[in-house]
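Could you slot chain X onto chain W? The hints should help.
There are 2 protein chains.
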Amino acid sequence: MTHSPLPMRVPAAGLPPRVRIHEVGPRDGLQNEKAIVPTDVKADFVCRLANAGLSTVEVTSFVHPKWVPQLADAGEVCLRLDDLPAGVRLPVLVPNIRGLERATAHGARRVAIAASATETFARRNLNRTLDESLAMSAEVVAQAKGQGMHVRGYLSMCFGDPWEGPVPLEQVVRTARALADMGCDELSLGDTIGVATPGHVSALLDALAADGLGADRLGVHFHDTYGQALANTLAALQHGVTTVDASAGGLGGCPFAGSATGNLATEDLVWMLQGLGVETGVDLDALVATSVWMAERLGRPSPSRTVTALARKE
Amino acid sequence: MTHSPLPMRVPAAGLPPRVRIHEVGPRDGLQNEKAIVPTDVKADFVCRLANAGLSTVEVTSFVHPKWVPQLADAGEVCLRLDDLPAGVRLPVLVPNIRGLERATAHGARRVAIAASATETFARRNLNRTLDESLAMSAEVVAQAKGQGMHVRGYLSMCFGDPWEGPVPLEQVVRTARALADMGCDELSLGDTIGVATPGHVSALLDALAADGLGADRLGVHFHDTYGQALANTLAALQHGVTTVDASAGGLGGCPFAGSATGNLATEDLVWMLQGLGVETGVDLDALVATSVWMAERLGRPSPSRTVTALARKE
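Protein chains in written order, with this note's numbering: chain W, 1 to 314; chain X, 1001 to 1314.
Errors might be hidden in some of the hints.
Stated by the list, open to error - Computed Cβ-Cβ distance ranges for the label pairs, DEER-style: (1) Glu-76(W) - Arg-1123(X): 52 to 60 Å; (2) Gly-1014(X) - Arg-109(W): 39 to 47 Å; (3) Pro-17(W) - Pro-1011(X): 53 to 61 Å; (4) Asp-185(W) - Arg-1123(X): 50 to 58 Å; (5) Ala-35(W) - Asp-1131(X): 37 to 45 Å.
As the list claims (entries may be wrong) - Just a few of them, taken from the derived set where beta-carbon distance is under 8 Å, the chain X residues facing chain W: (6) Pro-1005; (7) Pro-1007; (8) Met-1008; (9) Ile-1097; (10) Pro-1166.
Because the hints were derived from the structure by calculation, they are not lab data. Just so it is clear, CB atoms sit at the ideal spot from N, CA and C, and this is done for glycine as well.
Next up, chain W with everything else stripped away, as it sits in the complex (with noise of 0.2 Å):
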């Protein structure tokens, strides 16, 4: 009979003793993947990650069901939601005012913001210039704030752009330090196409670090397109980063499709923090599992590498 299949704890040097999984696989996950999954499903999805350990999941987003389809049932996913474990945090993403406005009445306490570090992308995404986005987003963080919401803001292409290529490391800390002003509680740094190598990581950290945002204001949100997630997030936690973003299973693009823009995967991440001897609380069993079962209902296996081998071994 083989050993039972767990990294040996060994922790590294200058790592945080806990990190904090922001779990988005029911939001930014389900909202990339083709199929639109049953309300129910999504529900029951959000309940078991968060009974698998993960303290803070996302839940959906409040975006116009026009933009995306599959998130059309964000407030009634929000209201399925039982059998959860006490003081799991539930986030969910609002893109304006209409948004909060519906997130609010859906009972949510924690709303996200979303932001482009770059001009181009605020204009193909957002349909506004990068300025015109940002007081956009004010807007909803003042609102939210004075609800006494939670307030996490992402801050997407903050390592390349598909039109711009390589962004500078000033033009991101600008656009952090306008969502840090407005009020956000905590930033997630997006390299939403996934080009970022751990050289770049550790230089945006030091030149946010440069302007007064530090690592405990910061989460890292790393995709998956080139390989570099897991290693890019390695440098972040060597920079003092303890809330680390990763979607179960690898949702939100498949890497052997035609698509290549799937984020890190929750399982892998747990893996190497298990290795280092780094707290998450998570119980990967229970976890993979939970993979293992939403891709039978998305019918095509997780390409979570973790997922893989464990469910291989069942």
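Relative to chain W, chain X alone:
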């Protein structure tokens, strides 16, 4: 028009200026693929890799065809290599004296031997006790060194063993020391089942250095079974390692077809090193084109994230 996808070059502190990639696709990759590739395609593959700038390409293994029918034409492949750039290194694996004799007869000037860090793998894979297998390796190394050859020693199961579980550091140091003492010019530390995490890599390199085996004599050989290969490579680079094994296109185990034993993909490694400003001499476009060409011959897509992403843009 979107921007040409290349990582922004941002060097990180404490990394070597140059890394030598030891390309194992034609040997370690093809020996683990189900398909039997025609001899001409194998020879062409080696030449294309060398012309893409890989300075070391492991050509084949002179193992008995009964065990690895995929490489039964090892001698023929060596004889058909032409159109090679000057100075390229072309090692071959030799499992025993008979293999060494065949390799010599076919013009090999560099050989590699394979040993195990664990008793169980030695017995299962080599049908000998660990000490017996080391004694056999010593004989091969002595004869190869007597012929003036460069000898690389592969050490398997340096982190975990499917039967024994986690492998104690001192056991790896003991077997690595034995390989060094018998005359191996270079050792390749293999994470054969892909369970290693970065702290474990650091700890092993520290333990080896304490025994006098410094990074200048070591290479690392990671498998991406749990998605850890590139993060582990980063940890090794931070410890001064400058020889990294990788397999073009991630050949050697397809992570989405019930087997998750693939090697680190050379393209994913090159992407990270380019971003870090670490010289490799590799032309990434030529390498990706080679892996796409080989994937067509194998009749399935490459598991490399970088190949998938860049091939999609062509």
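Results for each hint:
Between Glu-76(W) and Arg-1123(X) the CB atoms are about 58 Å apart, so this pair conforms to the stated range of 52 to 60 Å. Distance hint for Gly-1014(X) and Arg-109(W): a CB-CB separation of about 43 Å, consistent with the stated range 39 to 47 Å. Judged by the Cβ atoms, the range 53 to 61 Å given for Pro-17(W) and Pro-1011(X) is violated: they are separated by roughly 29 Å. In this structure the supplied range 50 to 58 Å holds for Asp-185(W) paired with Arg-1123(X), their Cβ-Cβ distance being about 57 Å.
Evaluation of the 37 to 45 Å hint for Ala-35(W) and Asp-1131(X) yields a failure: the beta carbon distance comes to about 56 Å. The beta carbon of Pro-1005(X) comes within 6 Å of a beta carbon in chain W, closer than 8 Å, and the hint placing it at the interface holds. Nearest Cβ of chain W to the Cβ of Pro-1007(X): about 5 Å, under the 8 Å cut. The hint holds. This hint holds: Met-1008(X) has a C-beta 4 Å from the nearest C-beta of chain W, less than the 8 Å allowed.
Hint status for Ile-1097(X): violated, given a least beta-carbon distance of 32 Å to chain W, over 8 Å. This hint holds: Pro-1166(X) has a C-beta 4 Å from the nearest C-beta of chain W, less than the 8 Å allowed.
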